[in-house]
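**Q** Sequence:
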Amino acid sequence: MIDQRIDLTVVQRWMQTVLMHPAGVETGVASEAARAWIDVTPDQAESVVEPSHSLSGLERLAIYNRAYFARLLECLRDSYRVLFEAIGEEAFDDFAINYLQGFPSRSYTLNDLGKHFPDYLRQSRLQADAGETWPDFVIDLATLESLYNAVFDGPGVENQPLVSS
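My numbering numbers the first residue of the sequence shown as 147 and each following residue consecutively.
Hints should not be assumed to be uniformly reliable.
[To be verified] So the derived label-pair ranges between C-beta atoms look like this:
no. : residue 1 : residue 2 : range
1   : Pro197    : Glu236    : 28 to 36 Å
2   : Ser193    : Asp258    : 33 to 41 Å
3   : Pro307    : Asp286    : 16 to 24 Å
4   : Gly248    : Ile152    : 25 to 33 Å
5   : Asn244    : Arg181    : 33 to 41 Å
6   : Glu236    : Ser177    : 25 to 33 Å
7   : Ala296    : Ala216    : 24 to 32 Å
8   : Ala296    : Tyr214    : 22 to 30 Å
9   : Val303    : Ser198    : 50 to 58 Å
10  : Ala296    : Ile152    : 22 to 30 Å
11  : Glu178    : Ala296    : 33 to 41 Å
Think of the hints as simulated: they come from the structure by calculation, not from any bench.
Just so we're clear, the structure is a prediction, and the values are computed from it rather than from any experiment.
Backbone N, C-alpha and C define an ideal beta-carbon position, used for all residues, glycine too.
Construct the complete structure from the given sequences, taking the supplied hints into account.
**A** Take a look at the structure:
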């Protein structure tokens, strides 16, 4: 059992580390990063997160983990709506999940989540038969949507003097 007087901030950091782990909560609990906050193994996780009548502590954490990644997918789909429609849900989600594993959210705002998505697509360059240009189309479309998002969410003229005619 962990010390009952453990600082709330430490528990929050541990949970964040566990829940954001792309390989799932069991791997997250066992990770070096999580164990730096609270040194428990997956078998000991219930000393941090109590089981319910029907779910273990790990199963309860897994619900939050799935909800977290579902929300991130939703945000990427929203940021790249045209690309999502062009390539379909299955292909988009495959790219997005791999992207999230390599580029986890590091910002206070989810508006920044897909900032590196076109770079990821470019770096992981889709395999296509010689002469096929659809990978270029996917990368170009993602780049266009990323630029549109940057302009839309970028700084405005709110605090600047008006231009006289």
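**Q** For this structure, which hints from the list above don't hold up?
**A** 3, 5 and 10
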